[in-house]
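First to last, the sequence lines map onto chains W and X. Okay, so the first sequence: first residue is 1 according to the numbering used here, each after it adds one. Okay, so the second sequence: first residue is 1001 according to the numbering used here, each after it adds one.
Derived by calculation from the structure, the hints in this document are not laboratory data. By construction, the Cβ of each residue, glycine as well, lies at the ideal position given by its N, Cα and C atoms. Possibly wrong hints are sitting among the right ones.
Said to hold, decoys possible - For each label pair, taking beta carbons as the anchor points, the in silico distance ranges come out as: (1) W:S172 <-> X:S1173: 22 to 32 angstroms; (2) W:G195 <-> X:G1148: 37 to 47 angstroms; (3) W:D272 <-> X:L1264: 53 to 63 angstroms; (4) X:P1150 <-> W:E20: 37 to 47 angstroms; (5) W:T212 <-> X:E1175: 15 to 25 angstroms; (6) X:A1280 <-> W:D169: 45 to 55 angstroms; (7) X:E1175 <-> W:H99: 21 to 31 angstroms; (8) W:R24 <-> X:P1150: 34 to 44 angstroms; (9) W:E283 <-> X:T1031: 49 to 59 angstroms.
Said to hold, decoys possible - Not the full set, but computed from the structure, chain W residues with beta-carbon under 8 angstroms of chain X: (10) F18; (11) L149; (12) D196; (13) D244; (14) P254.
Claimed, not checked - Listed below are several chain X residues computed to face chain W (Cβ distance under 8 angstroms; list not exhaustive): (15) V1021; (16) V1232; (17) V1243; (18) W1250; (19) R1252; (20) P1254.
Number of protein chains: 2
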Amino acid sequence: MTREQRHHPGTQTERRGFAEVMTRPVPDDVTTRTTTLGGRPALEFVPAAADARRGRLLYLHGGGYVLGSPHTHAGLVGELARRARIRTTSLEYRLAPEHPFPAAVEDGLAAYRALLDGGTDPRELALAGDSAGGGLAIATLLAAREAGLPQPAAVAVMSPWTDLTLSGDSISSKEEIDPVFTADRVRTFADRYLGDRDRTHPLASPVLADLTGLPPMLVQVGSYEMLLDDAVRLAGRAGAADVDVTLQVWPRAPHVFQHQYGHLDAADAALDRAARFLAARLEAPR
Amino acid sequence: MTREQRHHPGTQTERRGFAEVMTRPVPDDVTTRTTTLGGRPALEFVPAAADARRGRLLYLHGGGYVLGSPHTHAGLVGELARRARIRTTSLEYRLAPEHPFPAAVEDGLAAYRALLDGGTDPRELALAGDSAGGGLAIATLLAAREAGLPQPAAVAVMSPWTDLTLSGDSISSKEEIDPVFTADRVRTFADRYLGDRDRTHPLASPVLADLTGLPPMLVQVGSYEMLLDDAVRLAGRAGAADVDVTLQVWPRAPHVFQHQYGHLDAADAALDRAARFLAARLEAPR
């Protein structure tokens, strides 16, 4: 037992429960292999129909910066990779509270840099993520911008958590109807990730950042979630900063409803739209 | 000269100037004919490739509730009708200051009701509009809801003017970069339309309304316009009210940039996306 685990005895139990609830199998026509990227473990997805010209997708999973892994999200990410026909790498970034902010952003940036260093043309590279991983995808692009790296061709985020100050109206207005979260639960994720660090830091709450220079962005969100305003304000701020942005709000859909592909029409429709967005942006340069 | 024209001697000159600047020809493969709808003159567009099963589109043109007509927008509306392959009726609603609020909304509602009374299935009917006509399209749907009429299959708005109180941040933050408007100019349109009426009335400023029950909505806007926040907040409010909404922000595009089809790639792309949205929603019910 590490020092961090002794300090957070419930986190391992919470992670096991999350994995049990969330994990779905990889689609049959997608092969996976473990790899490393930027010094971190990762899971790579190669769809049978992958088109090598369509480049690469770097995926950052959700789980409040505390829970989840490429394995808990292997079904979702495999479905996205399959539908977009894009070879995808899902990163096992370091989790809080053992590794608080900015560890996850450092890992996201290192993975992005490793893909560029490995010869991937940024015009053939996209990022995606859900929930905390959606916020982390935006933060990674901001960190890449600050590091002087080129931006990728596109970024797609599902129910992104972009405001760790919890200042969106929907945090209260949607709490009753949100089947996934309570404000207390969201707050404990922010507490474990940030400790006593500034919750307004642009790499922690990218909705508060200057988003100038970010690539074409797709933002998907459900109307039955407390994080609705995290998505709406991200799109508004990105648009105001001259980013090409599309926001899609699904009525009566909960947080990361895309996980329910195969059971919920909206989930399949949203995944298809995200896949088309990514494929179109990655095809454009050639 | 009518009494109203004596009171507003510059309006006719302003209308002629607007018509000279704006009017573009109807596409070759779209035929037009004058008609009446709900007691008002209208211009009907029938694309050569129109698919009768695809129903009808009711279009409400822009011009600050003061300027414009189906003729000034015949090129834009013809392009939308052609690309969506939808028979389209563009309404000559009454203009301010001769006919202030709520005359335009009354005409929009009468036209919508006339289409339903004429046997059009609401599932085969959509609304669209630009600028003031975009706000008017939303107001018309709210008026239809209050009148107990069914909602149509979809609504698509381009750079909608939805807040006649001018309370959006972009009214000031984008004034320098907006090549079309100044805050003073927008305010004179609101003054002529509303006089001393309440600018927060939900049928005048539909972004302030409860948008519950509205149909799937597409909102397009440019990032170089003072009305950016009218669009972003409309999408956010609609989403929060469980409306199926898509917001598309085009970077560095001005107010109703779709008018520049054939000259500006973003204009053609936006019209194509609006057309696909409408066609898909009108095809779905059957």
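| said: For a quick check of understanding: which of the numbered hints are violated here, in increasing order? | reply: 2, 3, 6, 7, 9, 10, 11, 12, 14, 15, 20
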